[in-house]
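Trainee: Single-letter residue listing:
2 protein chains.
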Amino acid sequence: MGDPITFETHPSRYHHWRLTVAGDVATLVMKVDADHPHRPGYELKLNSYDLSVDIELADAIQRLRFEHPEVRAVVVTADLDRVFCSGANIYMLGSSNHSFKVNFCKFTNETRLYLEDASAESGLRFLAACRGTTAGGGYELALACDEILLVDDGSSAVSFPETPLLAVLPGTGGLTRLVDKRKVRRDRADVFCTVAEGIKGKRAKDWNLVDGVVSRTKWEATVAERAKALAAEVANVPHGPAVELTSIAPYRHVELTLDPTGRIADLTISAPDAPPPAELHAEGAELWSLRAFRELDDALLRLRFDHPTVGVVRLRTRGDAAQVLAHDEALAKATTGFAREVRLLQRRVLKRLDNTARSLFAVADAPGSCFAGVLLEVALAADRFYMLIDGSEQITVRTSVANAGFMKTGSGLSRLESRFYGTPDQVARVLARGAEGPIASEEAEELGLATVAADDIDFEDELRIAVEERASLSPDALTGMEASLRWVGPETLETKIFGRLSAWQNWIFTRPNATGEHGALTLYGRPERPNFHWTRT
Amino acid sequence: MGDPITFETHPSRYHHWRLTVAGDVATLVMKVDADHPHRPGYELKLNSYDLSVDIELADAIQRLRFEHPEVRAVVVTADLDRVFCSGANIYMLGSSNHSFKVNFCKFTNETRLYLEDASAESGLRFLAACRGTTAGGGYELALACDEILLVDDGSSAVSFPETPLLAVLPGTGGLTRLVDKRKVRRDRADVFCTVAEGIKGKRAKDWNLVDGVVSRTKWEATVAERAKALAAEVANVPHGPAVELTSIAPYRHVELTLDPTGRIADLTISAPDAPPPAELHAEGAELWSLRAFRELDDALLRLRFDHPTVGVVRLRTRGDAAQVLAHDEALAKATTGFAREVRLLQRRVLKRLDNTARSLFAVADAPGSCFAGVLLEVALAADRFYMLIDGSEQITVRTSVANAGFMKTGSGLSRLESRFYGTPDQVARVLARGAEGPIASEEAEELGLATVAADDIDFEDELRIAVEERASLSPDALTGMEASLRWVGPETLETKIFGRLSAWQNWIFTRPNATGEHGALTLYGRPERPNFHWTRT
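If you read the protein sequences in the order shown, they are chains U and W. So the working numbering is basically just the index in the first sequence, starting at one, shifted up by 764. So the working numbering is basically just the index in the second sequence, starting at one, shifted up by 764.
Hints listed in this document are in silico derivations from the structure and should not be mistaken for laboratory results. Treat the hints loosely; a few may be bogus.
Where chains are identical, the list cannot tell them apart; a pair therefore holds if satisfied intra-copy or between any two copies.
Unchecked claim - Within a straight-line C-alpha distance of at most 27 Å, the following computed DSSO-like cross-link-like pairs (lysine-lysine) qualify:
| # | residue 1 | residue 2 |
| --- | --- | --- |
| 1 | 947 | 966 |
| 2 | 1172 | 945 |
| 3 | 969 | 982 |
| 4 | 1097 | 1115 |
| 5 | 992 | 945 |
| 6 | 945 | 1115 |
Given the sequences, and given the hints that come with them, work out the whole structure.
Mentor: As structure tokens, this is what we get:
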């Protein structure tokens, strides 16, 4: 894919969005610059989007949470007369390889879920104000908002034209949100998803595809009024103080090194080297709990997009476990909106880790290892956890308040609850034991925290062989296997999107009917008609 | 695939299983006849299985429920010394097209779930008695049982070698059952799924992969004792009277006609032409409630396997709605085990309909239409329901006890609850209105039961165009779309298996790493090593 992708941006450098804040209402205006795609080869016409558009959207939501805590409602709208958003750019999709397509959709899904997370957890309501065509991913973005207004001008419609026009799915959460979130009757959803031109006006409202249809003359006033009303309905959660999200380049707490031949990455996270300040916001975005996780987030995205052939990630930690625990405690005790946002960001980054389709092996193989508190979550997110048994029991894990429930996975369970699914006693046992102090490797294995604990005669060979074996297996089978094992127990909108909808979309993306020489996605915009294989599966 | 597949069989004609009954314990012995595969081209060595083996297994479970109601425990075992079951036959998989592979896995999954359904609903416990290799689908079969015993002979192991050896998943429920049903710790499950030789002895027990490991000398006695104990633990559910499942050929109540050019099927179910007998078992397997649904089941399997290019199924009903309601009422009131089994069979067949990857359009277009009670479930299972508004309001739907909760979908919701997900009031309204009498088309549309109600000026054209349009869309996109819309709301082991695990497996089956020229599944048993593309998605 050429140069590494930059995931850091800033409103002053946005090409595709304009973010303005007025009192407790912000406005995010989509006005995609057709000439600034994420890579050359296609134009972003008609407010269609690609990765660069979504990176800016993710950045804007993050900044609203940290830099504009006074905001209570966000109007998501567009600056074109006849188009709100026409969805993901088809030429971009058609010219992308499978891995990129899947990772693009995953990032887009994560960004959509961030709107819903901000609404559920931070009292930030989103109003989709849709004038003109609201199609495909554009409607999926609207579905992620709390309320959808559609202009009633005789032509503006919401639509999912993917199945009839492209032979793929509305794959960034749309199908799931239609029936599960908005409770659109499933037979109507079936009709809606096959009508390429979409549904407009009163019918869109009757079917609950939108929350309101508004005439052109009343549009501006109604949008402003609904935004104010949404802002007012928010419960009184603490907000601020504002903290500017300064650049994380170069990383200070995260190190990512690559072995391209072995297809292995080493990702090491360092603990803070000092206690947290008395006022957590005093250090701004340099606060370890915030900066280290922003760096981890960026490293995970680089892994996904820039290093697609890396199969195994060895996750390590180093530093002073006591400092990690001190930061966890300070965050949990603090009552500011800022502290809440830092914890929520950590939770989102850990979910990004859960949702990264690489084999994750956590490794504690040196006395400086510190899988403690929120960093223990990293080990619990891994597929396996290898611990060296050292004679002096310097290698340990430690628990903190961060392991006690707040850092939920997509399923709604904590990582300890996922680890010990069906045996809640074991969760309680680990937390009780952790409260007494460090747990050395052998005991960590007995408690079920370590997958493998071995002494120094065996450890290195055992880990090396496991990593080499893992890296030799089929990447596809591992992706499916890990996706089936990582989310045990209950399902949520989130796990349904990543587990079910995305799995179907991945399959459909590989089918000749979509991406073959005569597939609908391949031929989009050309005069030829697609040529389908009719066998049903 | 050559000749139509026969789904009807009988223990006297089994090639691969031996069913014996002694008191309240039955034994199902797997002894696959290598020379009787479902189609020529491979040998069923080492108790590997194909569709023909699973058809017999499904038949055996069905017959146990109806013909041997005295049975309380079933020992599932094998008659080879070193192999319990080595899983699905790899040469069969490698030489099957994608559609067949997917439908084979689906049928196998349904059969596995039938064991669990019999255990949950009919007081029939299953004991997997595994001597020797218990690999892949063999272990998946064991996982579907209530208890697993493994012989402790130093070599017998349970294993999931699919990922390391074949680059595919243990796709007939195995991954889901490991972590969700048996609560195997997910990091251990990860290890287990990559160790081709599997895990044996004490470790298999410690990890909860099996319930007991038993020495060779104590094997026979322990199996007998555990079977007796399982039989004894069953709650006192009513059983019998026994009814023999006689042949359903030729169909009496179901008609399946095909338009191969249009890729459309018409499936019509007829109502009973007489009231139910005072004693429901008096008619044996000829009882309409039983026979009509066995025929429907068979027709659905024929559609799946023998007519893979049919994209749209028009579902119709005809006959006397009052007779359907009378049969539904009689079944619900009866307290016999037989009546319970008939209702459970109806429920399983309706789930088979939900789970059939074809576009289902229910059509009520003639006064003789009778979408009533359990046949209304057929309309509610459909993706859409078209009703003709006739001047004399002869076309109606009717509700019965069959719509009130018993006929659950895989998600655990009734079809009305799925239809009106999130608005339980509407379920109550429909049931209350239905109790008052027939509901004509226009009102059915207002109540949300009909997707489209149209008068005879528009009806025929509207339906024709909808069917033609549907049949013109990509089969793959429709499969993914329907799978995403049909199961709204809660997830269960069952929907996770069909929605998540199967979707990943479908994708993996299409990947070059599995089924390409140099893929692991293709090259299995040959000297060449597979050649993987390393990109992760």
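Trainee: Now, for every hint given, state plainly whether the structure supports it.
Mentor: Consistency of the hints with the structure:
In the homo-oligomer, the alpha carbons of residue 947 and residue 966 lie at most 27 Å apart inside one protomer (17 Å), although the nearest pairing across protomers, at 49 Å, exceeds that limit. In this assembly of identical chains, the alpha carbons of residue 1172 and residue 945 lie at most 27 Å apart whether taken from the same copy (20 Å) or from different copies (21 Å). Taking identical chains as interchangeable, the C-alpha atoms of residue 969 and residue 982 lie at most 27 Å apart only when both belong to the same chain, with a minimum of 17 Å there against 69 Å between chains. In this homomeric assembly, residue 1097 and residue 1115 come within 27 Å of each other (Cα to Cα) only inside a single copy, at 23 Å, whereas the closest approach across copies is 50 Å.
Taking the closest pair of Cα atoms, residue 992 and residue 945 come within 27 Å of each other only inside a single copy of the chain (23 Å); across copies the shortest separation is 48 Å, beyond that limit. Both within a single protomer and between protomers do residue 945 and residue 1115 lie at most 27 Å apart by alpha-carbon distance, with minima of 21 Å and 24 Å respectively.
The earlier numbered hints are all upheld by this structure, with none contradicted.
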